[in-house]
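Same order as they appear, the protein sequences are chains V and Z.
The working numbering numbers the first residue of the first sequence as 1 and each following residue consecutively.
The working numbering numbers the first residue of the second sequence as 230 and each following residue consecutively.
The hints are simulated quantities; they were obtained by calculation from the structure and are not laboratory data.
Fair warning: there could be bad hints in the mix.
What the hints assert, rightly or not - PhoX-like cross-link-like pairs, simulated, lysine-lysine; straight-line CA separation at most 25 Å: (1) V:Lys138 with Z:Lys244; (2) Z:Lys312 with Z:Lys388; (3) Z:Lys278 with Z:Lys312; (4) V:Lys138 with V:Lys114; (5) V:Lys114 with Z:Lys312; (6) Z:Lys315 with Z:Lys278.
To be verified - Selected chain V positions facing chain Z (in silico; Cβ < 7 Å): (7) Thr51; (8) Phe89; (9) Gln210.
Ideal Cβ placement from N, Cα and C applies to all residues, glycine included.
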Amino acid sequence: MGLIELYDISKLYQSDGTEVRALTDVELSIDEGELVAIMGPSGSGKSTLLTILGAMNPPTTGQMLIDDIDVYRLSVEQRADFRHEYLGFVFQQLQLIPYLTAIENVMLPLAISKHSNKEQQLMATAALERVGLGDKMKRLPSQLSGGEQGRVAIARAIVNHPPIILADEPTGSLDTHTGEEVMQIFKDLNEEGLTILIVTHNPENTRYTQRTINIRDGRIVRKGATKCA
Amino acid sequence: MRLTDISFNDLRRRKSKMALLVVGLVIGVSTIVSLVSITQAMQADVREKLDRFGSNVVVAPKSDAITLSYGGVSVASASVNIKDLKADDLTRIEAVGAKYGATSIAPKLVGGVRVGDAKALLVGVDLPAELRANRWWEITGREPKGPGEVMLGALASRKFSAMPGGKLTLSGLEFAVTGVLREMGSQEDSVIFADLARAQQILGKPSALTIVEVSAPSSRLDSLIGELTSVLPDANVTALSSAMESRQQRVGQLTSFALAVSIVVLVVGVVTVLTTMMSAVSERRREIGIFRATGFRKTHVAIIILFEAFVVSVIGGIAGWLLGSLFTLALGARLAQISTAIGPSPVLGATAIVVSVLIGMAGAAYPALRAANLDPADALRFT
Ligand SMILES: Nc1ncnc2c1ncn2[C@@H]1O[C@H](COP(=O)(O)OP(=O)(O)OP(=O)(O)O)[C@@H](O)[C@H]1O
Ligand SMILES: [Mg+2]
Numbered sequence: 001m002g003l004i005e006l007y008d009i010s011k012l013y014q015s016d017g018t019e020v021r022a023l024t025d026v027e028l029s030i031d032e033g034e035l036v037a038i039m040g041p042s043g044s045g046k047s048t049l050l051t052i053l054g055a056m057n058p059p060t061t062g063q064m065l066i067d068d069i070d071v072y073r074l075s076v077e078q079r080a081d082f083r084h085e086y087l088g089f090v091f092q093q094l095q096l097i098p099y100l101t102a103i104e105n106v107m108l109p110l111a112i113s114k115h116s117n118k119e120q121q122l123m124a125t126a127a128l129e130r131v132g133l134g135d136k137m138k139r140l141p142s143q144l145s146g147g148e149q150g151r152v153a154i155a156r157a158i159v160n161h162p163p164i165i166l167a168d169e170p171t172g173s174l175d176t177h178t179g180e181e182v183m184q185i186f187k188d189l190n191e192e193g194l195t196i197l198i199v200t201h202n203p204e205n206t207r208y209t210q211r212t213i214n215i216r217d218g219r220i221v222r223k224g225a226t227k228c229a
Numbered sequence: 230m231r232l233t234d235i236s237f238n239d240l241r242r243r244k245s246k247m248a249l250l251v252v253g254l255v256i257g258v259s260t261i262v263s264l265v266s267i268t269q270a271m272q273a274d275v276r277e278k279l280d281r282f283g284s285n286v287v288v289a290p291k292s293d294a295i296t297l298s299y300g301g302v303s304v305a306s307a308s309v310n311i312k313d314l315k316a317d318d319l320t321r322i323e324a325v326g327a328k329y330g331a332t333s334i335a336p337k338l339v340g341g342v343r344v345g346d347a348k349a350l351l352v353g354v355d356l357p358a359e360l361r362a363n364r365w366w367e368i369t370g371r372e373p374k375g376p377g378e379v380m381l382g383a384l385a386s387r388k389f390s391a392m393p394g395g396k397l398t399l400s401g402l403e404f405a406v407t408g409v410l411r412e413m414g415s416q417e418d419s420v421i422f423a424d425l426a427r428a429q430q431i432l433g434k435p436s437a438l439t440i441v442e443v444s445a446p447s448s449r450l451d452s453l454i455g456e457l458t459s460v461l462p463d464a465n466v467t468a469l470s471s472a473m474e475s476r477q478q479r480v481g482q483l484t485s486f487a488l489a490v491s492i493v494v495l496v497v498g499v500v501t502v503l504t505t506m507m508s509a510v511s512e513r514r515r516e517i518g519i520f521r522a523t524g525f526r527k528t529h530v531a532i533i534i535l536f537e538a539f540v541v542s543v544i545g546g547i548a549g550w551l552l553g554s555l556f557t558l559a560l561g562a563r564l565a566q567i568s569t570a571i572g573p574s575p576v577l578g579a580t581a582i583v584v585s586v587l588i589g590m591a592g593a594a595y596p597a598l599r600a601a602n603l604d605p606a607d608a609l610r611f612t
């Protein structure tokens, strides 16, 4: 029994009266401590899968268990609590809040926690130091390079010590070198025990991951056939 | 970092828009505060004066030809048609008056006299009672104290060039003028007041009375009128609509008007908050998506939005109250036509803040709901 179990997940979107089938019959099991890459062409359903894994996009059919919790049977507010406890997100386009400094961005998920301001500061500082940004905590996102912004986004995802990190194209907007730096951070975090799923376009990134899930037209393509060097 | 810090942060970032919203609320709240303070002061003023002066009831003989109102007696018809009241009528009036707490009973005899070549209206009065019945009278000089002294209305004083300290000859008798009434725009302006007994003598009607004016507390006026009517079947008993009562009516109208304006201002306030917060929420879709994704509950998001509106409306309420109070302090008394300045009221201040917060919450409720219901997956989709 894996940490994350998806059974027969399908997702239909309704847009302008027409149905878009984003995912079809997805079966997936991810063990604790895995570092997984999710790959596939644009529009294949990678982000949809990630938001379903992220407990914020109810599938049309199917069931998802994380840590034996049937996530989509929780109420909307319970699912928010669940995300807070179990999940850290690194979003496509990073999604830092432009008017908050690096440390404030990292503290954001703690605003609803019981931690005192002092503790929040310490936790955020630790997270930023963990990604090697201890010296730029007071900067606004616009005063950081793309790679540094990526690291702030990762710090925000790990600040609350969730067991699972979900990342959508974290290296999408970075050059090769900084992209590799960011992937290295994910690898390090994984070695510390975090379960990490990364959506990526870049086959190079699979060098850092243990497993690759390929998606095409909303279906998981079995390994072996597409596994490349 | 707390939810409230996120709100403050956003307020700082949207300084100019939020400042504009505060200005809107300040204008609205200060308008309401001014209207309420001024109308309240006017109401209190009228109520206080009505209590102090009481209301007056006029007892006059019935007449077929003309309606008698105080002072509105034309000399000719008075002498032809009217049966005067008698001394025992006065005794009965006094008995009823005592029962209803009358503060003064002022008998009068009205009649025409000659002043040189001109005619004038002479009113014989029981002076102490008359002054009690008309406490708002303002006299230049002093009131007459004996049968040889008279007091004039402002117009009469001008017409006969009689000033305090001067002399006036009425039907051949010389009187000392001791006082002149300030012009009131009423019938008193054109009459000459003299001692009752002396007037009865000049007019050749010993112990006759034309009118008796009774002052009594406003609350007991109806029963007083009822009893006087039954005791004096031959007389007309009518409430005198005093200047105060017509003022009370005007204040009442003004209060309704102020209420209507306040309601409009409230609605405009709510709509202003609504549109401002709504546009803020749509600008913040992405950010709210991040909040929700990282585990903020819908209620957390709603709290952030509502708290921003709360802060803005508290500031608007306090500043609006201050501005409204300053305005009323400076101009209120003049606008309300009362003599004392209208000071700030802490109760009104507390109410103003509560009302402002209610405006803020009413306006922010829908935007907060919209924000809370934003789908995080949707908000974070890059399009
Ligand atoms: N909210 C939505 N409403 C309607 N259609 C949607 C919605 N979200 C995704 N889709 C559609 O579902 C399909 C899968 O989209 P998804 O974003 O999961 O793809 P993706 O693999 O992440 O693509 P990319 O690599 O470009 O990010 C696409 O056809 C997309 O247009
Ligand atoms: Mg995507």
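Out of the numbered hints, which ones does the structure contradict?
-> 2, 3, 5, 6 and 9
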